[in-house]
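Colleague: If you read the protein sequences in the order shown, they are chains A, B, C and D. Okay, so the first sequence: first residue is 442 according to our numbering, each after it adds one. Okay, so the second sequence: first residue is 442 according to our numbering, each after it adds one. Okay, so the third sequence: first residue is 442 according to our numbering, each after it adds one. Okay, so the fourth sequence: first residue is 442 according to our numbering, each after it adds one.
None of these hints come from the bench; they were simulated from the model. One should not assume that every hint holds.
Put simply, identical chains are the same to the list, so a pair is met inside one copy or across any two.
Claimed, not checked - Below, simulated DMTMM-like cross-link-like pairs (lysine to aspartate or glutamate); rule was C-alpha separation at most 25 Å, straight line:
| # | residue 1 | residue 2 |
| --- | --- | --- |
| 1 | K651 | E712 |
| 2 | K664 | E712 |
| 3 | K515 | E596 |
| 4 | K722 | E550 |
| 5 | K651 | D582 |
| 6 | K568 | D607 |
| 7 | K643 | D582 |
| 8 | K722 | E571 |
| 9 | K449 | E746 |
There are 4 protein chains.
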Amino acid sequence: MSYVSPIKIKRRMTVSDLARQMEAVKVLGPGRFGKAVRILGEMFSDQHYCKMLSIAGPIVPGGLRSILVDLVDKGLVNAIVTTGANVTHDMLEGLGHRHIVGSEMDNDETLREKGLSRIYDLLVRQKAIEHLERSTRHMLDQIPTETRRNIATFELLWHFGSQLKDKRSLLSVASRKSMPIFCPGIFDSMLGLDLWTYSQLKPLFINPFKDFSKLVNLSYEAKRVGAIILGGGMPKHHVLIANSYRGGVDAAIQITLDRPEGGGASGAPLEEAISWGKIKKRDSLVTLIGDATVLFPIMTLGALENARK
Amino acid sequence: MSYVSPIKIKRRMTVSDLARQMEAVKVLGPGRFGKAVRILGEMFSDQHYCKMLSIAGPIVPGGLRSILVDLVDKGLVNAIVTTGANVTHDMLEGLGHRHIVGSEMDNDETLREKGLSRIYDLLVRQKAIEHLERSTRHMLDQIPTETRRNIATFELLWHFGSQLKDKRSLLSVASRKSMPIFCPGIFDSMLGLDLWTYSQLKPLFINPFKDFSKLVNLSYEAKRVGAIILGGGMPKHHVLIANSYRGGVDAAIQITLDRPEGGGASGAPLEEAISWGKIKKRDSLVTLIGDATVLFPIMTLGALENARK
Amino acid sequence: MSYVSPIKIKRRMTVSDLARQMEAVKVLGPGRFGKAVRILGEMFSDQHYCKMLSIAGPIVPGGLRSILVDLVDKGLVNAIVTTGANVTHDMLEGLGHRHIVGSEMDNDETLREKGLSRIYDLLVRQKAIEHLERSTRHMLDQIPTETRRNIATFELLWHFGSQLKDKRSLLSVASRKSMPIFCPGIFDSMLGLDLWTYSQLKPLFINPFKDFSKLVNLSYEAKRVGAIILGGGMPKHHVLIANSYRGGVDAAIQITLDRPEGGGASGAPLEEAISWGKIKKRDSLVTLIGDATVLFPIMTLGALENARK
Amino acid sequence: MSYVSPIKIKRRMTVSDLARQMEAVKVLGPGRFGKAVRILGEMFSDQHYCKMLSIAGPIVPGGLRSILVDLVDKGLVNAIVTTGANVTHDMLEGLGHRHIVGSEMDNDETLREKGLSRIYDLLVRQKAIEHLERSTRHMLDQIPTETRRNIATFELLWHFGSQLKDKRSLLSVASRKSMPIFCPGIFDSMLGLDLWTYSQLKPLFINPFKDFSKLVNLSYEAKRVGAIILGGGMPKHHVLIANSYRGGVDAAIQITLDRPEGGGASGAPLEEAISWGKIKKRDSLVTLIGDATVLFPIMTLGALENARK
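In isolation and in its complexed conformation, chain A is listed as follows (with noise of 0.2 Å):
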């Protein structure tokens, strides 16, 4: 049998000082707490972990974007898929424009008048949106016609990427890095509307299947692969069914707010995953409920400090 073990907190304490006594917890959120950070850690130390990152909700706009960049240019992310929000707002910031700070509270009827659109307590400027479509258009426009008649998500963010002056961008880091960031909903975003409006005009076809083989093998290829999973949604799904066929992830971390009950692939618990060969093994694998905004800064803080030593 084994004992749940009090957290101490002392003078000096790293977060993965802390997150080890969280671990000797075991159970609760203490316990699972400290046992993604310890996991997140040893992922960050294997070079033979291909660490795929999935990302739903503001996690670019809401202040992560330069964790995201530091994590791809450092090597310790390997592939992203992620929503076209994200994609969008890590343009608009490329672009030179800024997040504001609202208010849940504000009035979404005065906001459209001001020309401010909303996501929960922030703010973005449609005369952002407005530049990013004229930016879209030109940067398209530099693709050759050719490979623009079957592009995968991935190639064409690394050219959108290679044209941002911004280099703390990510499209612009996961380009100069060669690491892939993976849009299947790219058509569902305000960069996605510029796509269709370009594609009225000029030839342009995306290709998802593209998308899919590359995943697929670089999951088929990683010696082990490991899961970071950030919110639900289409990213979340995405990682995990692209490796089913290499019998599942070796390891995965998931933080979410959605519940298990309704039974949408959002809030089911990772062991579900199992039961579809998208997981290997029970041991490897953690949920934490909380919000990733909050979350995933403190973990990857501590799981540097572990993947330092």
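Let chain A serve as the given structure and place chains B, C and D on it in line with the hints.
Modeller: This is chains B, C and D only, laid out in the frame that chain A set:
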């Protein structure tokens, strides 16, 4: 000033009777439920409303498939946007397979060994999924190669629907009624794996831009658009963003267990979409916190009663 | 092996008809909702069941007061355990005050200035609360001093109920029917403040042990106990713990939006209570994830239909 | 206009360093977490702040007991309002028993047979609970009968604390430091059952009005009051309502997984309490959506670092 009116349960009360009492409460859950039933009934009884239904989560395998089929059959839904999973499960049932009652406490490693895959407390046989793969291949072969070179998901699903023998399949009735089912994340499902495998051997190019053009046209040409949003995910956002070209939907009902604070689109209040021009105005919106698999059947019964009057 | 059966909506279907179809789904939300309606109907139609209803959250101000009153009046509820807030709001309405329709977006500082207090989108006048204070003082004065020196909450609330002129008050009908309303957290409410103030001036000793003895006796003497749990909090736990002396309740339904992972009693699955001896067995339990203010009226209508047969 | 600033993770960053970066994000989870750490640090470093801590959920058995003990020992918490469960579990550990690591998938009927009771994935032996009953009886016997005839929960718990040999017990340190622990729902716990049993045999009258007078006095005499709210339930509301006599608390932090839409006090935003006069103003409030067992240790570490400067 307006006051809360209490609910009075009477003998021989229909759902619509109860919903009217609940709307009179005006506040909290009852007020929202009652309002949702009223708005849904208005949509059902007004042929100038283009009813766009977005579905995320296990609505089809969770016992609501026949409800959807009947709504489509009666012309009460004019477009569906859903996940690859719901389409997959409709096809599985369309091929004669049934969903099995399991438990959320089942051991997933044991299930894996038994060839069963789990969605919360619901199971599906891997053999059924293998059958789907063979059938999909066969059904794709029946589609002319030229058509396969540039096909929208709604077209693909009509082709499948016309080939399924089960006339109570959602794809089948959609095909018969020429009602489009859009599946922007079709790649991200068991069916998607089969499509990808096929595309490695024979020509198959799915063109999401064709889907989006169709969806935008439907929205643009409609006198009024009403969105019925079950769960969040890409289906929810897709319906809303497609309506931004017409200045937003005219009415919307959303049922979700997702929360707003994380900033993700799934849990966002409908009001937020006003600031993006995806919804027109405040007074025809209602968000109901709850499980769509429970609430939608009840609401539909109530709304149909209202619409018949 | 058991299979999922789809729901079929028909013309002239009652709530109990629909609930039977939903129970046949057996899984996810529909299966649970259907089962809950059936169990509730069994409780209602079996006079050997002592029905203990726990209520947390704004059930009384949220429009469900009359439903409770009718259930008590018909003898379909045999004990209620609730919060001080629900008792407070019943007395406010019993004194002739009404709850006002507000908005969850209201500015609370402005409301404060206007003398309005908020519960989500529901408002109450501070003047009503002041009236309650005066009335409480007056009603307490009518209780003999000796009685006031050692009084249980259920006795106190019977005294109040008998003095309220509004015969549609929950306290009033409970008093008339000698049905106990237990309020273990009575101190923690606006009414509680009034009781405390009074106790500083005149003799008033509330003895929660007397309440507990009464509740344990009710449980102990009942042939069967059924728990109907709306929301979590102390009321939920109180009903369950009082039943540990008889080896647990025989059947239980809980409706909650609280989640289990935090480990709190409110969101705990009912099964957990089996390990504590508070619930007897697995097969007469059902947890429904949802808002009780929406689901309980519907379930009650369905269960009453069943009970009449 | 104010802009979102991204988080930059650096080498040798403390929790307080990271929290400052997160506060600069200003929006969503990071902004709230950073603000909460700052406010908590301000409370810790200002001796004019009366820090009132409310605790619901398994904070003590879930590994945070030592954190609470250290905060009380250093005078960084001036009053605690908690559930009977947390007091029960503190006493169990104080008597030498430990909490056992289980699983949320454990079969509760099997656990019952083995004499184990479950809190999510945490177990406690029934034998330990029986030991508590005997010890409670013995400890009550040591309290003079006259004292027992009219005793507040905070007094009772001081008596227990002074008799426990474990000096790392929360009750023990509270007793030593004369810091009151209020337990308005003490009746509703395993300890409560023991108190009730005792009261059937020997004089024991617990007087919650004495508790409330003490709590109101603490609030009234404090220059500033800061509320630290872990979970909801009666403890949360109790701290807030007791402060209504002084016009509300000056600052408040709440960590919860409960949602607001149901209208219950647990999930209510702190702003709502302004309309009731329980909180003074908007700008020193922060609600953090998350699991307190995960977030509170991290926030405490960060706030202590800030307070030391």
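Colleague: Are the hints correct? Go through all of them and say.
Modeller: Checked hints:
Taking the shortest Cα distances, K651 and E712 never come within 25 Å of each other, neither inside one copy (29 Å) nor across copies (37 Å). In the homo-oligomer, the alpha carbons of K664 and E712 lie at most 25 Å apart inside one protomer (22 Å), although the nearest pairing across protomers, at 41 Å, exceeds that limit. Taking identical chains as interchangeable, the C-alpha atoms of K515 and E596 lie at most 25 Å apart only when both belong to the same chain, with a minimum of 21 Å there against 44 Å between chains. Within a single copy, K722 and E550 get their C-alpha atoms only as close as 49 Å, which misses the 25 Å cut-off; across copies the closest is 8 Å, which meets it.
Within a single copy, K651 and D582 get their C-alpha atoms as close as 21 Å, and across copies as close as 21 Å, so both meet the 25 Å cut-off. Proximity of K568 to D607 under the C-alpha cut-off of 25 Å is restricted to the intra-copy arrangement: shortest distance 19 Å within a copy versus 50 Å between copies. Taking CA atoms no more than 25 Å apart as the test, K643 paired with D582 passes inside one copy only; the shortest distance there is 9 Å, against 30 Å between copies. For the identical chains of this complex, K722 and E571 are inter-copy neighbours only, at 23 Å across copies versus 47 Å inside a copy, given an alpha-carbon limit of 25 Å.
For a Cα distance limit of 25 Å, the shortest separation of K449 from E746 qualifies both inside one copy, at 19 Å, and across copies, at 15 Å.
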